[in-house]
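Novice: Position chain E against the provided structure of chain S, taking the given hints into account.
Protein sequences, first through last, are from chains S and E.
For the first sequence, position 357 (counting from the first letter as 1) is numbered 357 according to this note's numbering, and the numbering increases by one without interruption.
For the second sequence, position 366 (counting from the first letter as 1) is numbered 366 according to this note's numbering, and the numbering increases by one without interruption.
Among the hints, a few may not be true.
Intra- or inter-copy, both count: the list cannot distinguish identical chains.
[Claimed, not checked] Cross-link-like lysine to aspartate or glutamate pairs, in silico, EDC-like; alpha carbons within 16 angstroms at most: (1) 377 - 277; (2) 408 - 113; (3) 231 - 213; (4) 89 - 71; (5) 33 - 357; (6) 8 - 92; (7) 209 - 285; (8) 438 - 419; (9) 395 - 340.
By construction, these hints were calculated from the structure, which means they are not laboratory data.
2 protein chains.
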Amino acid sequence: MVKPSIPKGTRDFAPTEMIRRNYIFDTIKAVFKKHAFLPIETPSMENLSTLMGKYGEEGDRLLFKVLNSGDFKQGVDFENLTSNQLTSKICEKGLRYDLTVPFARYVVQHQAEISFPFKRYQMQPVWRADRPQKGRYREFYQCDVDVIGSTSLLNEAELMQITDEIFTSFGIPVVIKINNRKILSGIAEVVGEADKLTDICTAIDKLDKIGKEKVCEELKERGLSCEAIGKMDPFFCFCGSNEEKLAQLDKVFANSEIGLKGLSEIRQMLAYAAQMDIKAEIELDITLARGLNYYTGAIFEVKAQNVSIGSISGGGRYDDLTGIFGLKNMSGVGISYGAERIYDVLNELNLFPTNIDSPIKALFINFGEKEELYALKGLQALRQAGIASELYPEKAKIGKQMTYANAKAVPFVIMAGADEIAENVYTLKDMNSGEQRKLNIAEIREIIAATL
Amino acid sequence: MVKPSIPKGTRDFAPTEMIRRNYIFDTIKAVFKKHAFLPIETPSMENLSTLMGKYGEEGDRLLFKVLNSGDFKQGVDFENLTSNQLTSKICEKGLRYDLTVPFARYVVQHQAEISFPFKRYQMQPVWRADRPQKGRYREFYQCDVDVIGSTSLLNEAELMQITDEIFTSFGIPVVIKINNRKILSGIAEVVGEADKLTDICTAIDKLDKIGKEKVCEELKERGLSCEAIGKMDPFFCFCGSNEEKLAQLDKVFANSEIGLKGLSEIRQMLAYAAQMDIKAEIELDITLARGLNYYTGAIFEVKAQNVSIGSISGGGRYDDLTGIFGLKNMSGVGISYGAERIYDVLNELNLFPTNIDSPIKALFINFGEKEELYALKGLQALRQAGIASELYPEKAKIGKQMTYANAKAVPFVIMAGADEIAENVYTLKDMNSGEQRKLNIAEIREIIAATL
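Chain S extracted, bound-state conformation (with noise of 0.2 angstroms):
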């Protein structure tokens, strides 16, 4: 008999993880609440035609297909295709690679339902072909948030606001770098090569990785002049507060309508978030550009302060998502929370707390079939209150009983044999300090639920 294993790049979650997990989860989905965004989710398959495409060739060749059932052989001629060729063939649906494309899909399809601006929170996980390293899987949870339909820049001041709120909640401090695409778009114009924007923003998204020399390398690979990469010099090593910053861009940008355009909405989301008590720090960082082509207006990136994890958030407006679908102007604003980087971070900074990892409160000691029966009694007494407790389900040594209570952090253990049954009482255990006392089963609910 082989061990049994489970593919590689996904992971099976114990219930001490599951907690952690949750304990992210419940919180992000708090504040998202409290903002009026709104759940939805979709199908973890969607049809191949929705999904290919989207992502890059790079991004087809990552997604899973799933096989068609019955018989799928027939009429294709598997001799004469390539493995490529054949995947249409056989297969029509594929795992959801992100919720970005479904949610657009989503929008699409149930327009005449929605009331717009929607906001939508939508936390599922994700497939992704992906080769598996450390802190990368093939299975993976994100947590996206999404504006669609609005224009107003207090959306992205609320994204803001709300990226402050969550981490906050997680005691992680973060800076927010901002940008804006069309400050990129100022740049490609006033260095000459407005047509090269894309080029610009890969190649400029890897100065954080790779730095300036290589950058250079990569956007003299690119075709830009050499010119203009004398002129982007500048915007590598813009440095100091906001305001200093848009002053110089001021400048620069004096004769670039779109790249002060950028400015002006730079400007509009900190006078917002000026009203919003945010604490994290806010940095206007002009070589943030994310990979994605699609972002049009501001975009977001979330550092935490402290740990060597990359990125934990990200996200930005587009105007024209929805587009590849056939809905024109509908504009959004999302960012989406990697559960995995945050876990990491939590982690490493040990901010997970502590009560979480005793989700058990009390653990009844099963003495045989008498005691068992008050031992029930107390147990409901505890239960009624909300207080998560459980009665060993047989008789066994008592050793077993509190090994068992000791691995599952059980912070209470209570007993109760012949003499406590005489006396209506049963004799209460704080595994921490090692106390016991005799007490009615009333004192014992209340003290138990001091601790929660």
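Specialist: Relative to chain S, chain E alone:
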């Protein structure tokens, strides 16, 4: 441009449905937690070697298989293989078909880390390539709760108690039907067809649907003697209270050790249940078999009263589920709640709490630049009190904003123009009564908080 769609048998969930579904999941989860069950999750994809052969031939066919990534064609002899044979060559993974087999796989794989008895719950989607029809989907959620590693009948009783608490929370009156595989074995024994237990279970299981006559026909087709079928007759119309049924069976099973064992287990379960304050009716139904061959002891099925929907929950004890993965002697008992069925029952009986349909409690009307900043202050105050609320993100005609409020069933609309700003108040409109009052934000906060 083709109107986008989703694969047949799958569903999008709009906010109103999501909120109702989450109410179901949250209610079930709260009961599981109180009973000290711990959550796990397993990957959506399992190795096909884990899944194949576990659900019968039909099940193998209904598994969704995931195409291998990359050049899957290489080295595969397409010409000479059937679709069926090809599948195992080009697919290594499949989507989870239920939560039971992945749980068994999990227990075996992680046995060294688990403290037994292991009380786990799991709420995740499963996928089946079944023909879609009303109430049957290709992607649906199961909510499973199991105790593994304990043979105590306290576990069976606790599952009945959990079931009772869940459906009491929902306000759904239910009957918990119980039986025991050993009673079925006893019946097979006393009618002289002990080796035809599986045939008897399969046929008898259909009694509800096809009636006694057809069941007898099927028993005959399955090779039971006329004499045996004749002897089975009394079992089809067993009536009276549980005690009466048990007393009758005592006589019938006088010479069937296994039958008597079944009766003693039922008696012990009922004795425990009597200590547990269970409100639901518990009914011994000796024709309850449930198709699944892996049940070895208790069998459960839950039916909602007053609706024509079939069973909404079912389960039982299995003594050797992990045996298929090489771990012997690991008895477990579990029950599964179907979210879709519960949804339909709550809908039909009009039992969804009405307040969940208004998740957003207040909308601030947007009157323009200056008013917006004042509204933001009020919005902040409400959100800090945990009130889900929003500001319409842009200045729009008030009629449009009111339509938006109505579409989202927002109970309170808050307005502030120059007058209100001057007085440092807001006009609160109760959308149910139509009443409007000028109040300061603290007063508004209290009024709304009182409705939560």
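Novice: Decide, hint by hint, whether the structure agrees.
Specialist: Hints, one by one, checked against the model:
1. 377 - 277: Between copies only: 10 angstroms across, 50 angstroms inside.
2. 408 - 113: between (47 angstroms within a copy, 11 angstroms between copies)
3. 231 - 213: within (14 angstroms within a copy, 90 angstroms between copies)
4. 89 - 71: both (12 angstroms within a copy, 15 angstroms between copies)
5. 33 - 357: Classified as between: cross-chain Cα gap 13 angstroms, same-chain 25 angstroms, threshold 16 angstroms.
6. 8 - 92: Between copies only: 11 angstroms across chains, 24 angstroms inside a chain, cut-off 16 angstroms.
7. 209 - 285: Answer is within; shortest intra-copy Cα gap is 15 angstroms, inter-copy 68 angstroms.
8. 438 - 419: Within one copy, since 10 angstroms is at most 16 angstroms while 65 angstroms is not.
9. 395 - 340: Close neither inside one copy (41 angstroms) nor across copies (38 angstroms); limit 16 angstroms.
Hint violations for this structure: number 9 only, all remaining hints satisfied.
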